[in-house]
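Asker: One-letter residues, chain by chain:
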Amino acid sequence: MGEVWARCIRAAAILCTALIAVVGGTGCVHVYQPMSGLHGPVVVDIQAPNFEDLNLTVHCVPGDQLNRLETSTLCRKVGSLFENQGAKVHTIDTSAPVKDVFKDVFAEETEVDPDEPPPPLTDLTLELRTREVRETDDPISWFAYISTGTLLPAITEYTHTIDVVVRDGSGFLLARDTIEGRIVRRMGLGVWAGNKLLDVAWRDDADKVTGEDVANAELSADLYGQLSQLTFNAKMQWTVLQESTPATAEEVP
Amino acid sequence: MQIFVLFVLTLMATVKPDPAPGLFRTKTASAELDCEQLTVARANQERPGQIGEARPRGDYVDRRVVVCSERLISHGVRPVRDEAILSTLDARADEVASAAAALGPDLQSRTWLVETYYPSVQVASKVSFAAKNSLMEHGLTVSDRTPILGFGDLDVITRMPAEQAYPAACKRYYATGSLGEQDALLAVVSRDPRETILHAGLCSRGQWKWLR
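Protein chains in written order, with the working numbering: chain W, 1 to 253; chain R, 1 to 212.
These are calculated hints, taken from the structure and not from any lab test.
Hints should not be assumed to be uniformly reliable.
[As the list claims (entries may be wrong)] Pairs of lysine to any residue, SDA-like flavour, derived with a Cα cap of 20 Å:
#1 R/K27 x W/T94
#2 W/K196 x R/A29
#3 W/K208 x R/V5
[Unchecked claim] FRET-style restraints, in silico, Cβ to Cβ:
#4 W/S220 x R/V40: 30 to 36 Å
#5 W/D163 x R/C68: 21 to 27 Å
#6 R/T141 x W/D53: 40 to 46 Å
#7 W/A221 x R/V5: 30 to 36 Å
#8 R/A29 x W/V133: 45 to 51 Å
#9 R/R64 x W/A206: 24 to 30 Å
None of the values given here were measured: they were computed from a predicted structure.
Where a beta carbon is used, it is the ideal one built from N, C-alpha and C, also for glycine.
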C-alpha cells in the first residue's frame, strides 16, 4: 500500500514539474527599455487641448518594417492621439509625397491661380518612418534554455526606430528626432516564475513586468508622449516664425 | 544532481548583464540609465579596450553593444521643464548662438547682450551664461550688461500679448538708450510652459526679429 502511495506521489510530482515546465517554458516576460529619444522629459499633457484648430497631416511611410495595414493602424492611432488634443487630423499612409496626395484629394475643390503661389493645404505635417534596427536570438541563451529544462531564459530582442520629422505646410523643416526602443523577450520557467513571484510579493505597481501587454503599453505611452512634445515644440516654432514674416511685422505697433 | 547544479551555475556565469529591467534590475533603476545600441566597430571607437575587437574574418554570432551611462541627476529631482532645458543646455545654447552668428558681417562687430525670459531665475541665469559662452566661442564680443526698462514701460509691456511685447520692449530699449547703436540684444525665450525648446530673438537698433 505504501509503495503504491509512493508511486502516486512520484507520478504527481513528475506531472506537476512537467506542467510547470510547459507553462513556464512557454511563459514569456517582455520588458521594454527606452533608448534614445524615448525617455526625454515630456511636459505636455496628452489629454489636454494642445493643438486646437491646427490642421495636422500625419504621414506614415510604409517600408520594410511595416506593411500597408500596419502603417494604416499606426497612422490611425497617432491621428487619434492628436484629434484628442484638438487638432484637425488628416492621415496619409502611402509613400507618395504629401503634396502629391493633397493634389489628388483637393484637385476639384481648389482653384489654382497661376500667378499666386498655392496656399499651404495643412499647417503642419508629421512624418513617421519606422525601421527595425535589430532582431536577434541569442544562441547561447537558447542552448542554456533547452539544456536546463527552461530554468535559464532564452533571450530574443527587438530594437525599433522611428524617424519623426515635422514640417510646416510649405515643407519647411521645424523639428526632427529619432526615437528608439528596445523590447527584450525572456522565455523560460526560471525567469517567468521568478518575475511573477517578485511582482506578487515585492515590486511596486510601476515596476511590475509580468502581465498582459505591459511592455507594449509602456512603449506606446512613451511614444505618444514624445510625439506630442515634439509636435508641440514644432507648433511653437512655426508660430514664432510666422510672427517674423513681413506681413505680421508691419502690424506690430 | 550536483553536476546539473554546477552546469546551471556555469551557464549562468556566461549570461551578460543587461540594462533592461529584469530579475535583478527594476524599471526605476533601468530608467536611470541613458543607453544606446552600437555596432562593435563603433563601440570600440568610442570606448577603446572595453569591448573585444571583431575577428578579422567576422564573428560567429551577430554582436551588438548596448552602451549605458548613469544619469547625473535622477528623474524627479528637477521640474520636468527645467530638466528638459538643462539636460541639453550646451546644444541649445549653441543653436541659439549659431543663429545669431550667422546674421551677417554688420552684426559681427556689435557688442552682444543676452537676456533670458524663463520663469525660473536659476535656470534663466544658467541659460544666459551658456548662451554668452557660445557667442564668445563664435568669436562675438559679449557684455555682461543687462538692458533695463522703466517701471512704466514694464507695466505696459507685461500686459501685451507675446507677439507684441517683445518688439515693443525692443523699441523701448533703443528709445531709452538702454541699447545703443553698437549693441545687439540676443533674447532667449521660452514662450509657453508646455514647450521644451528655447526661441531666440534679436533686438538691434529698435528692430525686433525672431531668429528661431
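Asker: Tell me the hint numbers this structure goes against, listed in increasing order.
Answerer: 1, 3, 7 and 8
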